[in-house]
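Student: Sequence:
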Amino acid sequence: MSFRRILFWSHLAAGLVVGVFVLIMSVTGIALMYENSIVLAVNDSVKVEAPENTAPMTADELAQAQTVLDAGDRGVSLNWDNRENAPIMVRAGRSTPISISPYTAEIVENPSWAVDDAFHFLMEIHRWLAAEGEARSTARAITGAANLAFLFLLLSGLYLWIPKAWRWVFLKNNLFMRKSYPTGKARDFNWHHVFSIWASIPLFFIIISGVMISYPWAGQLIYTVWGEERPQRGGPSGDEVTETVDLSELASFQDGFEAVQAFGDRKWTRITLSLPSDPAATTLSFQRHYGDRIIPQQRVSMTYDRATQEIVDVRTYADNSPATKTRMFLRFAHTGERFGLIGSTIAGLASLAACFLVYTGFALSYRRLIRPLFRKKPTA
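Residue 0 is where the sequence shown starts when you use numbering that gives the first Met the number 0, and the numbers rise one by one after that.
Treat the hints as calculated values from the structure; they're not laboratory data. It is possible that some hints are incorrect.
What the hints assert, rightly or not - Calculated lysine to any residue pairs in the SDA-like style (CA-CA distance at most 25 angstroms, straight line):
| hint | residue 1 | residue 2 |
| --- | --- | --- |
| 1 | Lys178 | Trp167 |
| 2 | Lys324 | Arg366 |
| 3 | Lys171 | Leu351 |
| 4 | Lys46 | Ala117 |
| 5 | Lys266 | Ala40 |
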């Protein structure tokens, strides 16, 4: 049996085994296509009426508000959007954020919560089939393996797509759809080839970034290739106080917020303050967004020293190591958001193409493997 023949049957077998899981991830991928853009748009529609003769609360007052304290004592952030009458978003880790009034710190009803919850459920299906408890690790292993198998399907499919001889007739029949088909098999065969070749590049980046998300070793491999040590999660927080600090000698949270506001020439779209767990923390961590509030290329991370009342560290996307930039690129290439709405649309269309690849792959397999079993044998 030739190598090409072995590869074909391996391709077919792998597709039959993981096809359903690839279909689930592709359908949910389409549904998640504009997730962040939709959530942001709904959130931006919410406005807070300013009470008469009432100034917005300072960052320090907001940090001590009961609604913010109830959110938790670690991983809590305040987020200011640069638009008129915008509520303050309070986020605690990966939980659904809440919106509060910048004037009273009372919770403001926000329809984006329900939208965010719906997308979060779709994401859980996408990543671990919405499994819970101990079953989640098994489900994650399944979707991770399906991702790896999908990568094999893509690469082996591209190899099988390459003709033995390049002729215009082949290209015409395998690059473009036809107006009509003599049989359903001919249609499915054509669609399988057309969708695979046109979607191959975006699917490649979607799949390898999905593998990186699924497997820690894949993320580590990026750093190994670049010859770097992978940074540990959760570096210095600035919360540690090695000596007694007089809070009256430290700049306020509001001072830090205003310093970040005034930084640079670009108009900011969102400022995020990560609240320290210790009120006597000598440094504050901020992020200043100047774009769509999503991709890391459009934000600046800053450290504000409360003792010197200065911004002492500024980090942009360009300041990251090559491995970290590669990892960030792949993370947002997975959703297409690295290239804005156009990129998200391409990623969604590639996921749609994957759905057709699964359908046509199953249809062709059925005609090859199952239908012959029901054919009447000729009588003697």
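Student: Determine for every hint whether it applies to the structure shown.
Tutor: These are the hints, each one checked on the structure:
no.	hint	in the structure
1	Lys178 <-> Trp167	18 angstroms, holds
2	Lys324 <-> Arg366	46 angstroms, violated
3	Lys171 <-> Leu351	22 angstroms, holds
4	Lys46 <-> Ala117	22 angstroms, holds
5	Lys266 <-> Ala40	19 angstroms, holds
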